[in-house]
Amino acid sequence: MRGLIEKDLCLLLQRSRVLFVMIAIGVLLGFSTDGSFVIGYLTMICAILTVGTISYDEFDNGYPFLMTLPITKKTYVVGKYLFCMLGGLTGWLISIIIYIGCMLIKGNPVSVSVFADVFAFIPIMMLIIAVMLPMQLKFGAEKSRIVLAVAVGGIWVVWYLLMRFLPDNASISAIISGADDLTVMMLIVLICIGALAVSYPISLRIMEKKEY
Amino acid sequence: MVSVRNLNKKYGDFSLNVTLEIPDGQITGLVGKNGAGKSTVIKSVLGLVRPDSGSVTVFGKDAFELSAEDKQKIGAALSDSGFSNYLTLGDCAKILSKMYDNFDKKLFMESCKKYGLPEGKQIKNYSTGMKAKLRVLVALSHDAKLLIMDEPTAGMDVEARNEILDIIRGYLAEREDCSVLITSHIADDLEGLCDDIYLIHQGKIMLHEDTDVILSDYGVLKADEQTFMTLDRQAVLCYKKEPYGYCCLTDQKKFYIENYPGMVIENCGIDDIILLMTGGK
Numbered sequence: 001m002r003g004l005i006e007k008d009l010c011l012l013l014q015r016s017r018v019l020f021v022m023i024a025i026g027v028l029l030g031f032s033t034d035g036s037f038v039i040g041y042l043t044m045i046c047a048i049l050t051v052g053t054i055s056y057d058e059f060d061n062g063y064p065f066l067m068t069l070p071i072t073k074k075t076y077v078v079g080k081y082l083f084c085m086l087g088g089l090t091g092w093l094i095s096i097i098i099y100i101g102c103m104l105i106k107g108n109p110v111s112v113s114v115f116a117d118v119f120a121f122i123p124i125m126m127l128i129i130a131v132m133l134p135m136q137l138k139f140g141a142e143k144s145r146i147v148l149a150v151a152v153g154g155i156w157v158v159w160y161l162l163m164r165f166l167p168d169n170a171s172i173s174a175i176i177s178g179a180d181d182l183t184v185m186m187l188i189v190l191i192c193i194g195a196l197a198v199s200y201p202i203s204l205r206i207m208e209k210k211e212y
Numbered sequence: 213m214v215s216v217r218n219l220n221k222k223y224g225d226f227s228l229n230v231t232l233e234i235p236d237g238q239i240t241g242l243v244g245k246n247g248a249g250k251s252t253v254i255k256s257v258l259g260l261v262r263p264d265s266g267s268v269t270v271f272g273k274d275a276f277e278l279s280a281e282d283k284q285k286i287g288a289a290l291s292d293s294g295f296s297n298y299l300t301l302g303d304c305a306k307i308l309s310k311m312y313d314n315f316d317k318k319l320f321m322e323s324c325k326k327y328g329l330p331e332g333k334q335i336k337n338y339s340t341g342m343k344a345k346l347r348v349l350v351a352l353s354h355d356a357k358l359l360i361m362d363e364p365t366a367g368m369d370v371e372a373r374n375e376i377l378d379i380i381r382g383y384l385a386e387r388e389d390c391s392v393l394i395t396s397h398i399a400d401d402l403e404g405l406c407d408d409i410y411l412i413h414q415g416k417i418m419l420h421e422d423t424d425v426i427l428s429d430y431g432v433l434k435a436d437e438q439t440f441m442t443l444d445r446q447a448v449l450c451y452k453k454e455p456y457g458y459c460c461l462t463d464q465k466k467f468y469i470e471n472y473p474g475m476v477i478e479n480c481g482i483d484d485i486i487l488l489m490t491g492g493k
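These protein sequence lines are chains A and B, in that order.
1 is the number of the first residue of the first sequence in my numbering; add one for each residue after it.
213 is the number of the first residue of the second sequence in my numbering; add one for each residue after it.
Just chain A, same shape as in the assembly (with noise of 0.2 angstroms):
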């Protein structure tokens, strides 16, 4: 597992440059806008970058070396969710120092209601990771974009179709702008626990099925 880590981490910071300018755009952001965005921005940002390790490891038929190191596909599974979650997270501490630093310089006081904001970039956080590491272990990094365009395009439409037709969106809606903070939040945190949930067993069966 540690070996995998620093494997990740080590192509992680073939992206260093990348890095460096999300991590300006950040700060840059950070002066321009009052609000979390920063935040949102540079832990999705992270997240999707360490997800993005899974093409290298794909790139130029890299898995079959892969899969003879010692290891295991539940443990590089394990490992690239671990690696994804830390990135993630990495990201929205970095985006933190710098949201308060930019707020401090710009002598703004930090308001303790936007620290509920910044904590709902985990769970949706965790729900990006949920999605695109079983697409990517599926489809590659090519295929993975277009089937998560087209999911996402999918569930918009039927969305729209739901809200358009079912007798009673009206109530759908008040229910949905009726809920207090507290109880959107607990929702979205138990989606994205369950996503997890759903989303981890589907990852090791798709790399258990694979043959190199």
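Derived from the structure by calculation, the hints contain no laboratory data.
These numbers were taken from a predicted model, which means no experiment stands behind them.
Some clues are possibly wrong.
Once the Cα atoms are required to be at most 27 angstroms apart in a straight line, the calculated DSSO-like pairs of lysine-lysine come out as [said to hold, decoys possible]:
{"no.": "1", "chain 1": "A", "residue 1": "K74", "chain 2": "B", "residue 2": "K357"}
{"no.": "2", "chain 1": "B", "residue 1": "K273", "chain 2": "A", "residue 2": "K210"}
{"no.": "3", "chain 1": "A", "residue 1": "K143", "chain 2": "B", "residue 2": "K336"}
{"no.": "4", "chain 1": "A", "residue 1": "K73", "chain 2": "B", "residue 2": "K245"}
Chain A residues, not near chain B, derived (Cβ > 10 angstroms throughout) [as the list claims (entries may be wrong)]:
{"no.": "5", "residue": "L69"}
{"no.": "6", "residue": "A120"}
{"no.": "7", "residue": "L190"}
Heads up, the beta-carbon is just placed ideally off N, CA and C, and yes, glycines get one too.
On the provided structure of chain A, position chain B as indicated by the hints.
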């Protein structure tokens, strides 16, 4: 150490059906033309592909179910797969030191330096020979008890090939209990290295013989049409029509030397066996 029994694997029209054995401390060569099935055998032994039927066991366990601890004892060098090209030698050493309990970083770095592999360059900037050397050095870096090498010398000039074979010989000289499965379509590479040879053709094992026996007992008979018609062909394994007559492969060279003094009889190499057994009748 490795046992392959009735391994069956189908890819479209191609069908593999192989049985082979690698005892402890044995160096086994697998030779054959491109597309004969060598790499599929190697991948099956490494647990990278699942057989359709039959069994592949390594250290007494199903190759597809090998644990991380089992893999610590295997050194693998594949012809078309290695560390990501975006990593450097230094990165590889860091990763290997965290992967393998017996990885000797100092020795690995010294060996890499000895064979001219630059530490700071990305692997994508290495030449073909340098990449092949790195793959072999990685396989030999952690005191493996079983080496699996797929075409470690493919696409290289004579000097680089000899260097790689010397690296492998040097490793094996210090470890008598180490077993090796090595493939090549350049049979000369294997003659001086392997204890026994399997010849694979169109997914089937055509021949299994000790290398010493091949070199001492096998021969190529060059007979004109008339001699061929009267030739005792009991010990002729296969033959091929040539412009001068027939070229025959035998595993009893001495019998023909004694009984057909006028016939041209040449010593046989593994390349001759490949050519005759896969192209003759």
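Note to self: For a quick check of understanding: which of the numbered hints are violated here, in increasing order?
What the structure shows: As far as the earlier hints go, 4, 5 are violated by this structure, in ascending order.
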